[in-house]
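Protein chains in written order, with the numbering used here: chain A, 1 to 214; chain B, 1 to 214.
Worth flagging that the hints you see were computed from the coordinates, not collected in a lab.
Nothing here was measured: the structure is a model prediction, and the numbers come from that model.
It is possible that part of the hints are untrue.
[As the list claims (entries may be wrong)] In silico lysine to aspartate or glutamate, EDC-like type, Cα no more than 16 Å apart, as pairs:
#1 B:100 <-> B:192
#2 B:121 <-> B:57
#3 B:118 <-> A:166
#4 A:22 <-> A:40
#5 A:190 <-> B:64
#6 B:55 <-> B:122
#7 B:12 <-> B:40
#8 A:55 <-> A:101
#9 B:100 <-> B:198
#10 A:118 <-> B:107
#11 A:121 <-> B:150
#12 A:127 <-> A:64
#13 A:121 <-> B:27
#14 B:121 <-> A:18
#15 B:190 <-> A:124
#16 B:127 <-> B:64
#17 A:118 <-> B:124
Residues per chain are reported as follows:
2 protein chains.
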Amino acid sequence: MTAHSAAAAGVKRERILDAAEKIFARDGFFAAKVADVAKDAGVADGTIYLYFKSKDDLLISLFESRMERVIGTLAAAIATVPTARGKLLALIRTYVGLVKDQPSTAEIMTVELRQSSKFMKEYDNPKFAELLRLIAGIVSDGQAAGELGDAIPPAIAARMIFGVLDELATAWLLSRDAGSPGRAAPRGKKFDIVRAADWVGELVTHGLSRRSHA
Amino acid sequence: MTAHSAAAAGVKRERILDAAEKIFARDGFFAAKVADVAKDAGVADGTIYLYFKSKDDLLISLFESRMERVIGTLAAAIATVPTARGKLLALIRTYVGLVKDQPSTAEIMTVELRQSSKFMKEYDNPKFAELLRLIAGIVSDGQAAGELGDAIPPAIAARMIFGVLDELATAWLLSRDAGSPGRAAPRGKKFDIVRAADWVGELVTHGLSRRSHA
Chain A
1 MTAHSAAAAG VKRERILDAA EKIFARDGFF AAKVADVAKD AGVADGTIYL YFKSKDDLLI
61 SLFESRMERV IGTLAAAIAT VPTARGKLLA LIRTYVGLVK DQPSTAEIMT VELRQSSKFM
121 KEYDNPKFAE LLRLIAGIVS DGQAAGELGD AIPPAIAARM IFGVLDELAT AWLLSRDAGS
181 PGRAAPRGKK FDIVRAADWV GELVTHGLSR RSHA
Chain B
1 MTAHSAAAAG VKRERILDAA EKIFARDGFF AAKVADVAKD AGVADGTIYL YFKSKDDLLI
61 SLFESRMERV IGTLAAAIAT VPTARGKLLA LIRTYVGLVK DQPSTAEIMT VELRQSSKFM
121 KEYDNPKFAE LLRLIAGIVS DGQAAGELGD AIPPAIAARM IFGVLDELAT AWLLSRDAGS
181 PGRAAPRGKK FDIVRAADWV GELVTHGLSR RSHA
């Protein structure tokens, strides 16, 4: 493959991923048709299968591509912050900001992804492990510096922080504005997810802080 | 319908739910066949549809039945505990104990349930709302008594606590023992989820506690 055709293949792969993101968000992963992704990407149906083995593989590749962006954005947001507390607050605010600004992407990465049995049970998920390591690293550094208490292992703390963020993101994404069209039944009222970032920060930083009486 | 046949119908409905729990846990919700549920319950295929409209409806009914038990167990566990901190710790330990003792049920209620698009997007989920209200009530009482800080709204605190518990349950359920048969790829090592309950308790009670410097 020449450098030119490799670049062209990369561009086509990205175009298919962008189309998959759009179609999965519109129809849901389960109902989404690979043919509709192909149509939106402007390629023949069979072309998709030159790049991706199956619809599950397309979802997993989409997840990896978007997760890589998320991790890059989070890493940049915490890079110059000096304290563990500050890094945790910056990470939480940035994560919530991404959910708010890119709700379609966020919905695929929370709600739709879990509809793939293959993703949930068979996929090793290295990008998710990388996100957890990024969070655990903040906690671990903060514990080593004596800024955070060391009662909770960093890997478990990372899981808990992700759990809080993921639940609030899911709750917010599945909730509906009063006049929102589309989905059948409204499920709770939209809350202010940016405000919620402060509450997550409050719970997490105080929950992990060092205490004399612990 | 006579009292006798109403009771018999109730028993049959329960038998179908027990069978669904077994088959969904064994095959996964998506791959599970209603015919296999019928066979395991010892009823004709068509009988299932006298009680449940669809496979999604069967899953939702199963969820409601099990969630009712979970809420009853949690409510009993916190009933006689005097403080909000004590109630939160009791609720967390009891929840984690249920996950550990009934992993098949827990897997359906975390992993499998999310594979139903209908459940995630269209179902109003009154039982889940009831669980959140139970947790929010503890937080709200603790705030009113001045035992907990009031920076975080009780409904949001409940979501965050559920998020932590749900993420740890999912991580534990999807992780595999070294010698575990069945699933394709191992996904992290099993951790001690009972120990993890202490860490959740630590994060949550300290995260929500009243602070003079807040």
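Could you grab the alpha-carbon distance between residue 190 of chain B and residue 124 of chain A and see if it respects the 16 Å cut-off? 15 Å, holds
| task | Decide if the proposed pair is consistent with the structure: residue 121 of chain A and residue 27 of chain B, CA atoms, cutoff 16 Å inclusive. | result | 12 Å, holds
Is the hinted pair residue 121 of chain B and residue 57 of chain B satisfied, with a Cα-Cα distance of at most 16 Å?
Since the Cα atoms of residue 121 of chain B and residue 57 of chain B sit roughly 13 Å apart, the hinted pair holds (cutoff 16 Å).
* Given the hint that residue 121 of chain B pairs with residue 18 of chain A, does the C-alpha gap stay at or below 16 Å? -> 23 Å, violated
### Task
Decide if the proposed pair is consistent with the structure: residue 127 of chain A and residue 64 of chain A, CA atoms, cutoff 16 Å inclusive.
6 Å, holds
* Given the hint that residue 118 of chain A pairs with residue 107 of chain B, test it: the Cα-Cα distance must not exceed 16 Å. => Status holds; Cα separation ~15 Å.
Need the status of pair residue 121 of chain A, residue 150 of chain B: alpha-carbon distance at most 16 Å? 39 Å, violated
### Message
Run the distance test for residue 22 of chain A versus residue 40 of chain A: straight-line Cα separation, threshold 16 Å.
### Response
Holds. Residue 22 of chain A to residue 40 of chain A sits at ~9 Å (cutoff 16 Å).
Task: Straight-line alpha-carbon gap residue 190 of chain A to residue 64 of chain B, limit 16 Å - done: 24 Å, violated
Given the hinted pair residue 127 of chain B and residue 64 of chain B, is their Cα-Cα distance within 16 Å? 6 Å, holds
- Are residue 55 of chain A and residue 101 of chain A close enough, with their CA atoms no more than 16 Å apart? Measuring from Cα to Cα gives roughly 26 Å; hence the hint is violated.
Taken at face value, is the distance from the CA of residue 198 of chain B to the CA of residue 100 of chain B at most 16 Å? At roughly 14 Å apart (the allowed maximum being 16 Å), residue 198 of chain B and residue 100 of chain B satisfy the hint.
When held up to the earlier numbered hints, the structure conflicts with 3, 5, 8, 11, 14, 17 and fits the remainder.
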